[in-house]
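Engineer: For reference, the chains in residue letters:
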Amino acid sequence: MPIATASQTIGPYWHLLEDESWADLTRLGAAAAHPDRRPIVLSGVLRDGAGDPFPDACVELWQADPPASDAFPGFGRSRTDRDGRYRFRTLMPQPVPAAGAPGTNALQAPHLALAILSRGLMHALHTRVYFAGQALNEADPVLSAIAPARRGTLIATPLGAHDGADGWQLDLRLQGGDETVFLEF
Amino acid sequence: MSETLPFRPYAPGSQPALDTPAYVGTRLRHPKQAPVKIAQSITELSGPRFSPTAFAPLADMTRGAQGAAIGERIIIAGRITDEDGRPVPHSMIEIWQANAAGRYDHPNDSHDAPLDPNFHGAGRVFSDAEGNWQVLTIKPGAYPWPNHVNAWRPNHVHFSLFGPAFATRLVTQMYFPGDPLLEYDPVFNGIPDAAARNRLIAAFDPQITRPDFALGYRFDIVLRGRGATPMEA
Ligand SMILES: [Fe+3]
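Protein chains in written order, with the working numbering: chain A, -13 to 171; chain B, 439 to 671.
One thing to keep in mind: the hints can contain errors.
Restraint-style ranges between C-beta atoms, simulated for each label pair [as the list claims (entries may be wrong)]: (1) Ala57/A <-> Val587/B: 49 to 55 angstroms; (2) Arg13/A <-> Asp498/B: 25 to 31 angstroms; (3) Asp67/A <-> Ala494/B: 24 to 30 angstroms; (4) Ala633/B <-> Arg136/A: 50 to 56 angstroms; (5) Leu553/B <-> Leu122/A: 50 to 56 angstroms.
Computed footprint of chain A on chain B, listed as stretches where at least three residues anywhere in the stretch have a Cβ under 8 angstroms from a Cβ of chain A [to be verified]: (6) 468 to 477; (7) 505 to 513; (8) 539 to 547; (9) 601 to 610; (10) 641 to 654.
It should be emphasised that the hints constitute simulated quantities derived from the structure, not laboratory data. All C-beta atoms in this analysis are idealised placements derived from N, C-alpha and C, irrespective of residue type, glycine included.
Pulled out of the complex, with its shape left as it was, chain B reads as follows:
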């Protein structure tokens, strides 16, 4: 497959709209003009490469200077592929999240929940040759936010991915199965297609779970594929 083939457009309904009225923060931040469509050139078809030698992985987020972070240890594992099922190898993944109490180690987080001196909440891992990656962390707590009265974000972990090109850059969030807050969350529900939405919910996985140590969740990520499929007009 040529490195210069363009990436295909996102499937209709699979991506959230910038204008999502239920998410109040979008009101003054969504452009009113339609985007200008451009052909992908080297600027879009190339992208940054990060190597684990220059960007040290941090695959265990549960260890602080004074000991173990508080909360439920979890392993999140998954595979990055493209829309043709091909692995996305050796690609950097950035991970950040709240602590077990639902508080970020961030100066702007004023939620009245305790900080954990042993949990900063940032990790970095790389996919292997087959696209597989995993991280050990703490299950994040839910937290309130000012979107509407009594608004709470569901438990979630933030993910940032690069893939092979600037056109494949993806920032997303992973959720947990069975979370009663999901149906009230305008960020999650901003994705129109239910199947696309539900793919942001990790699956509990007994194969990833380690006995007497940590529950395991699977979160597979798909980045844009190259080229139109032959059947598409």
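The following block holds chain A by itself, in its conformation from the complex:
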């Protein structure tokens, strides 16, 4: 039985495959396709174990809601810039069913999935972005699996509306005291 191929680091030169427009998931006409959804801008700074921002990582975003279509890819990719900052423009997700819950009403709070790839990372680091103030956060099965003291590392804070979108911020820390909670699945 073959086993899955091994991961290797994305390295420092992955920008050769980058299309910077991918960081904007609304670029294909999402507003017209989903007039009921608020556009959001999510950004944050990626830091290493010394607390230093680092500028050459690849941050990838995937969201299962709204469902991917020609007008909304559901997937985005952002470099971290010279200040270590990633930035996506997308649509606010709605709740989706919890794992193993078809036929039940169990829901997950609105969230985005993030994968961090970088030199110095042998494989992707996975985490999620939740949104402060969502009632479903309290009962979310993933947040509930995390020690309360560390849950905040997955919860973005509001920055207010700007440029037609609600701003959200979530900084990411690969190592150290306020280390982001990473997920394995």
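Got chain A; can you put chain B with the ligand on it based on the hints?
Structural biologist: Positioned in the frame of chain A, the structure of chain B with the ligand alone reads:
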């Protein structure tokens, strides 16, 4: 096979550890806390789909604006399957690499080796209905890197794959048979299991080789399979 069955865990030893001391760059980038295991939901079981109509394939990386890229032309061909041997069809593969001299067409690459105006070093192909794909490129050169004194990366090509779900996303590197640098490379050797490691080494393949044109290499890729096998506890 249900689309909602979870993907199985990676086989022990088949994946490199985030904390790989010989690869100095991992020192401040590996989390110290264990990851939190979560059940796969629609977020992990679904994933982006890319179509060749929206994302134009570039299967010939050897043609520049002013002519042919310099170096040894090679064809890399392979098949994407899952751990049950089923083909992974119509899936996007992104490819990037250094040129024949070991230099990336990238502003941060300061290696004192020449750029090739006819080689950018990025390609994109799609697997067909049976999971087969191929790309025509130039054999990349080795290049130095600052990991340790006199550190050189073996000749390699970077690959990015998506597969059917966010849980099957894979970024890896392909190496070449007989490369003397492999035994010194902490990135390659960061994979604990020797068999898993060696599967990143492409095989020279006379069937892929085209007479009077290009050498051929085979690089097969396996993505995570769905569900536990019945024999597993
Ligand atoms: Fe490289």
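Engineer: Each hint needs a verdict: does it hold in this structure or not?
Structural biologist: Quick rundown of the hints versus the structure:
no. : hint                                      : verdict
1   : Ala57/A <-> Val587/B: 49 to 55 angstroms  : holds, 53 angstroms
2   : Arg13/A <-> Asp498/B: 25 to 31 angstroms  : holds, 28 angstroms
3   : Asp67/A <-> Ala494/B: 24 to 30 angstroms  : holds, 27 angstroms
4   : Ala633/B <-> Arg136/A: 50 to 56 angstroms : violated, 36 angstroms
5   : Leu553/B <-> Leu122/A: 50 to 56 angstroms : holds, 52 angstroms
6   : 468 to 477                                : holds (count 9)
7   : 505 to 513                                : violated (count 0)
8   : 539 to 547                                : holds (count 5)
9   : 601 to 610                                : holds (count 6)
10  : 641 to 654                                : violated (count 0)
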